[in-house]
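J.: Sequence:
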Amino acid sequence: MNEGISRRNFLTGAAFAGVAAAGAGLVGCSPSQGGGEGTSGSETAATGEARYEWEIAPEPITDIAKTVDTDILVIGAGLAGCAMACSAAENGGKVTVVEKTSSWNGRGGGFGAINSRYMDELGIKVDKVNAKQHWIAQCASRANEDLIVKFFNNSEEASNWLLDKVEAIGGSAMVGAFYSHDDVYAEQPGYHMLILPEDSGLTSTGFAGAEILYNGAVEAGAEFVFDSPAVQLVKEGEKVTGCICETSEGYVQYNASKGVVLCTGDIGGNLEMCKAYAPICVEYGQPRSQYTPVGVNTGDGHKMGMWAGAQLQDLPFPTMMHPQAFCWFHGPFLFVNDNGERFMCEDTWVQGKSLAINRQPNGEAWSIFDANWETDLVDGLPYGGGMFWDSFRPYGSDLSLAPEYFKTQIPTYIESGMAYQADTLDELAEKIGCDVETFKATVERYNGMCEAGEDTDYYKKPVFLTPVKEGPFYALKVGPALLAVTGGLKTNVDFQCLDAEGKPIEGLYALGNCQGDITAVDYPINVAGNSHGRCITYGYLLGRDLAKA
Numbered sequence: 009m010n011e012g013i014s015r016r017n018f019l020t021g022a023a024f025a026g027v028a029a030a031g032a033g034l035v036g037c038s039p040s041q042g043g044g045e046g047t048s049g050s051e052t053a054a055t056g057e058a059r060y061e062w063e064i065a066p067e068p069i070t071d072i073a074k075t076v077d078t079d080i081l082v083i084g085a086g087l088a089g090c091a092m093a094c095s096a097a098e099n100g101g102k103v104t105v106v107e108k109t110s111s112w113n114g115r116g117g118g119f120g121a122i123n124s125r126y127m128d129e130l131g132i133k134v135d136k137v138n139a140k141q142h143w144i145a146q147c148a149s150r151a152n153e154d155l156i157v158k159f160f161n162n163s164e165e166a167s168n169w170l171l172d173k174v175e176a177i178g179g180s181a182m183v184g185a186f187y188s189h190d191d192v193y194a195e196q197p198g199y200h201m202l203i204l205p206e207d208s209g210l211t212s213t214g215f216a217g218a219e220i221l222y223n224g225a226v227e228a229g230a231e232f233v234f235d236s237p238a239v240q241l242v243k244e245g246e247k248v249t250g251c252i253c254e255t256s257e258g259y260v261q262y263n264a265s266k267g268v269v270l271c272t273g274d275i276g277g278n279l280e281m282c283k284a285y286a287p288i289c290v291e292y293g294q295p296r297s298q299y300t301p302v303g304v305n306t307g308d309g310h311k312m313g314m315w316a317g318a319q320l321q322d323l324p325f326p327t328m329m330h331p332q333a334f335c336w337f338h339g340p341f342l343f344v345n346d347n348g349e350r351f352m353c354e355d356t357w358v359q360g361k362s363l364a365i366n367r368q369p370n371g372e373a374w375s376i377f378d379a380n381w382e383t384d385l386v387d388g389l390p391y392g393g394g395m396f397w398d399s400f401r402p403y404g405s406d407l408s409l410a411p412e413y414f415k416t417q418i419p420t421y422i423e424s425g426m427a428y429q430a431d432t433l434d435e436l437a438e439k440i441g442c443d444v445e446t447f448k449a450t451v452e453r454y455n456g457m458c459e460a461g462e463d464t465d466y467y468k469k470p471v472f473l474t475p476v477k478e479g480p481f482y483a484l485k486v487g488p489a490l491l492a493v494t495g496g497l498k499t500n501v502d503f504q505c506l507d508a509e510g511k512p513i514e515g516l517y518a519l520g521n522c523q524g525d526i527t528a529v530d531y532p533i534n535v536a537g538n539s540h541g542r543c544i545t546y547g548y549l550l551g552r553d554l555a556k557a
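For what it's worth, the working numbering labels the leading residue of the sequence shown as 9, then goes sequentially.
Honestly, the hints are just simulated from the structure, not real lab data.
Calculated cross-link-like contacts (lysine-lysine; reagent style BS3-like; alpha-carbon spacing at most 27 Å): (1) LYS158 <-> LYS140; (2) LYS158 <-> LYS511; (3) LYS415 <-> LYS439.
With beta-carbon atoms standing in for the labels, derived distance ranges: (4) GLY510 <-> ASP465: 43 to 49 Å; (5) ASN500 <-> LYS448: 55 to 61 Å; (6) THR383 <-> ALA176: 41 to 47 Å.
Quick reminder that beta carbons are idealized off the backbone N, C-alpha and C, glycines included.
Please model the complete structure; the sequences and the hints are all you need to start from.
T.: In structure tokens, the structure reads:
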């Protein structure tokens, strides 16, 4: 397939309309299912351009072994799918969830919210104007503002809904203090980490919200069918009416009278789709993916949606790449690459760090600091901070707690070979593997700017210009890891997928990282945990609305 076409025009405008036209009449529209004549799946787009293989709609599946009727069909049992199913079932909907793996799936450490009762109790007031405008700016003004505002206006109700379930099993939530106070990279408090009793009965090793919502959905009557990957949507005319799943007993067709909701996750587990839609992550971020379970996020919903005529958001897709492939602490200290050279202003946000390091040799760097790092860290927190800079401490706690956690982690990093400690800069350079003289010259120049109080190389804020002079000296390895590719199918504010003309496709919805346009260009960390937060919020809203439709 031709991978040299313009990424700017890829799957947009007339080119996309051609792909949509080739597939829209085809998907699931065999004569036995109704809906009109299809186009051969071997045909290319109307423009005549060769396209990626996965964009060409397959032939309709006709050998159906079994048919199941439901009201609401959810494809995918991750956080968005479980939230959607739980909300719909609690509001009286007949819900079926089909999932390609053998279980529900949850990952990450918490969720973001614009408000919650825990935030109220702590007196936290998010600056919504600041948060919204920074979100838009970090997305280069290419995200859908209406969708962002919908999250802002509804996250409190949805968050409290989940927190009710957490408290019902004896749990609570901690709101984190690890957000940046920088004026340029302003972040907001609102990252919630669940605290659960040992006897909760939960099996989650990451964020437990998916499991709690799964349990709530089952209790409310939702049916989950595992080991049943969806492979094709079913259409009657222009309406999506169900999907076909591949099972050990053959193909099963699910018919949904109220709607089909794609909650299939991102494309990060599909290297070829990443090359096409998010090439920035391919060389280093994607091979270091920390998405679990590994390799299940293969863009299934994106593909099925395109075959049904749905349109992708503008390319390239934004990536959630965090600098956590190696050490999870690096602060605002001096960064050098594998050659011992400085290459960036280090007091930036996590996405900025990841992308700058991604361009360096081997996609890695080293955070360099000396024996005074604890004091340097604490002194800078009133002016900066955030993930991998501040520790996972609760909101309102003393700044002096920040280095306490990292003091326990640095020896572990050293033992694992991801960090080094040395009595001299010469020894530290040798352990890193870079040229000693180059490294020492970099540190000497950096120390001179620290003494002068001005960074004339990269203009780091003076408060973060902390010299590297007093041993022992430390080098912590830093590198980007892909958590998710947060781009997907265009939807309206009711989460309906849109066709090439911007019109809603009846019966088809998308949530989670299968949904597009909430982020663009880059993932906005200024509202930390917003990916999980919108899964919960949008799933809560759409589940309620479809059940009552």
